[in-house]
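Chains as they are written, first to last, in my numbering: chain A, 2 to 451; chain B, 2 to 451.
Keep in mind the hints are simulated off the structure, nothing from the lab. Only a predicted model underlies this, so the values are computations on that prediction, with no experimental measurement involved. There's no promise every hint is true.
A pair counts as met if it fits within one copy or between any two copies, since identical chains are not told apart.
Lysine-lysine pairs mimicking DSS-like chemistry, simulated, CA-CA at most 30 Å apart [claimed, not checked]:
1) Lys-27 to Lys-197
2) Lys-26 to Lys-197
3) Lys-343 to Lys-27
4) Lys-27 to Lys-128
5) Lys-128 to Lys-352
6) Lys-284 to Lys-27
7) Lys-197 to Lys-352
Residues per chain, in single letters:
Protein chains: 2
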Amino acid sequence: MIGRLHHVVIVGGGFGGLCACRSLKKAPVRITLIDRRNHHLFQPLLYQVATGGLSPANIAAPLRSLVGSQANTSVRLAEVVGFDLDAQRVFLRRGSPITYDTLIVASGSDQSYFGHSQWAEVAPGLKSIEDATRIRRRVLLAFEMAEQATDPQTIRRLTTFVVVGAGPTGVELAGALAEISRRTLAGQFHNIDPAKARVLLVEGSDRVLPTFTEPLTEKAQRSLERLGVEVLTGWMVRLLEPGRVEIVQQGDADEETRQVITAENIFWAAGVAASPLGGDLAKGSNCGIDRGGRVVVGPDCSLRGRPNVFAIGDLANWGHDLDRPLPGLAPVAMQQGRYVAKVIRRRFQGKSTPEFRYFDRGNMATIGRRMAVGELGRFRFWGFPAWLAWLFVHLMYLAEFENRVLVLVQWGWNYFTRNRSARLITAEPADYSTESEGPDWDALEAKWKR
Amino acid sequence: MIGRLHHVVIVGGGFGGLCACRSLKKAPVRITLIDRRNHHLFQPLLYQVATGGLSPANIAAPLRSLVGSQANTSVRLAEVVGFDLDAQRVFLRRGSPITYDTLIVASGSDQSYFGHSQWAEVAPGLKSIEDATRIRRRVLLAFEMAEQATDPQTIRRLTTFVVVGAGPTGVELAGALAEISRRTLAGQFHNIDPAKARVLLVEGSDRVLPTFTEPLTEKAQRSLERLGVEVLTGWMVRLLEPGRVEIVQQGDADEETRQVITAENIFWAAGVAASPLGGDLAKGSNCGIDRGGRVVVGPDCSLRGRPNVFAIGDLANWGHDLDRPLPGLAPVAMQQGRYVAKVIRRRFQGKSTPEFRYFDRGNMATIGRRMAVGELGRFRFWGFPAWLAWLFVHLMYLAEFENRVLVLVQWGWNYFTRNRSARLITAEPADYSTESEGPDWDALEAKWKR
């Protein structure tokens, strides 16, 4: 009998897909939730993993433990490569296509290098657990290498960190890097002073956190500078090479203001683009896609002429103003996920559903220990109260109760001791000489010596 | 002035090296602690990481946070490749040699495949964090692949796990694998029943936990069998190939009892050998090495004719009976580390030190939730009280206070919910198609299809 049930296929176990799946728990459907990873990831806290404050398992939960025991849901670890909307089929990288009655695509967004895909190697972004542990390893190794270096220029290069992009992720990462060097590692090295590390935050627009109102971005910038971050607003990245960033001032066509920064570690937080599945959806329907690769969806999040196909979250451009899509935030994806589930449930009752409305829960970013900024409509808050609010909101959002407890204990500890205990250098196997022998220092040195 | 201080070089930041370093905190020496990893690892709990119960950071602590702020100590991330004992120098894989006045070598042990080094690829062991996350990934992926497989033989192969060696690590790993399949994953799959997974424990000698007394090993075996582990004692591994183990009964020269087990995942817990640095030490001195590669040291843990060179822990064979070295346990290494520090401190006071004496703190192994066995002299304990004792002892040993709290919270949660939240599949970059795209399922499938 179960084979005859209406089949809902959900692509992506992020905030949107997970909320849709959970909201369909009691609906008369069978659900297949497909994700290429076996875990839901709480991306807003990924920078904490990258900087050794939290462990990966603190911010990720296995999809099977979240919805695997939901009776109408089966979880499938697979990569979706495309769709045939006419035949109602989803194509996987391996295995047979899956046929759906209703399709919800919530495949999110990837890092975008604005056409410079070769920059990805030079300046890793922060979208997955592996990204975070790689950044953690690179930052910690840089200090270890600097401790053993003798040439002042090498030490300077190794202890200079550049973060490109001053949105919430870039601001959080830069703030955390400054805190690591000035506080966590202080006094633990003998040949270098980690507090002398430079952290530069490069932003193309004229202020940090450009989606926030001006008074808050000023406060954020002052907080960053107090932490020791050098904020360079109005500077565009012109060239990225291993160990080297070239920036020019915004609007300077002749590049007379060119600056070159020598830095072993460059991190990218400057932009995202919708997952390539957006393009595939648009090709198979009459939908457009916007400049960010987002699928333009109708008022009920479905594709034009395809009422049984929905796109939600970072993948979708919902609304009437194409140039101003809803922000790529977890609450948007979650609300759309729940909304689409409601539309599907009500269809079984023969009812229509009013169009989706976004309930703005506000916007927050943290800068460091005890400092955050937030706004909710006209209400603005900052400093320690905002940090507490930020903490509270993020803990509430964390998917599993257990994670909340553990993250709270970990944060409490970090807060009082200024410690970051997850400062583990776990090397990529490619950097290993043999499986059990630890990092291949020759190979690593070769990289440093570029 | 600091350059003139007596220089103690400690090789290895495991239990022995760390205890020696800490015990020299107030000695009139300067210390260089060298390790190829940046963290101290609490190896006895590594199997908990391998089976998703704990995060790597729960059982590992950065060496710099442990001793980096100790005024007389400098931590160096480097790999030691050999010694010149006459010139009193330590050679590193990269960088200049380091000159010592006193040398403490505590480089521990590696996995040993008894001359079959090609088995290392087929049957990974459990010595490092990377080993543990690799085993975790392989176990979880096997269930995911089985969920998608249709051929019963493939499903059977994917859900058969073989653990070779029934010492404490093998017993703990087999018990945890049985618990994962029978409890943690129960009800989270739709096409397979994880509880039908087979877990086989193969041991060459005639009983599990051969270092324990017989009544306890019987109890341990019954507990394992109750959990669903198939215990095969008196069977030797004859051949290991990808997906395939051949075993013969002990003493069966004609191999008439040959059995072939088809299993995707085979894990090795059958033996360790001292770090190769032992051989280098022996070459440079008049010391012998035993069959396990351990350096034979004198009553004060120093090398014969080299009173300023000590070998401790898993690397050393101390005592008069060469064939019965002290067990390779953390308490031995810790006591020797503290003892050697005392010898060094007392030399500055012109005092000699009585020979090292091992204070036997007993022996424990856990089998699963609520079950452990232990013995201390003639006193034996088992079941839930032994499990509580095991829990208490291990928490006390964990290096940092913070880790204790977090591990306790995590364990409490796991105990009450039978959950294992760290069940993350984080792939090796080699298994990735591109940096941001997640595992390369084609490559993984190719591996499965061998």
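Within, between, both or neither, where Lys-128 and Lys-352 count as close if Cα-Cα is 30 Å or less: For Lys-128 and Lys-352, the Cα distance exceeds 30 Å both inside one copy (39 Å) and across copies (60 Å).
Alpha-carbon proximity context of Lys-27 and Lys-197, limit 30 Å: Between copies only: 29 Å across, 57 Å inside.
Copy assignment of Lys-26 with Lys-197, given that the CA separation must stay at most 30 Å: between (54 Å within a copy, 27 Å between copies)
Homo-oligomer pair classification [Lys-352, Lys-197; C-alpha up to 30 Å]: neither (64 Å within a copy, 44 Å between copies)
Intra- versus inter-subunit Cα pairing at 30 Å for Lys-284 with Lys-27: Neither. Shortest intra-copy (33 Å) and inter-copy (72 Å) distances fail the 30 Å Cα cut-off.
30 Å Cα threshold - placement of Lys-27 relative to Lys-343: within (11 Å within a copy, 68 Å between copies)
Identical-chain pair category, Lys-27 with Lys-128, by Cα at 30 Å: Neither: 32 Å inside a copy, 46 Å across copies.
Figure legend: structure checked against the earlier numbered hints; hints not met, in rising order: 4, 5, 6 and 7.
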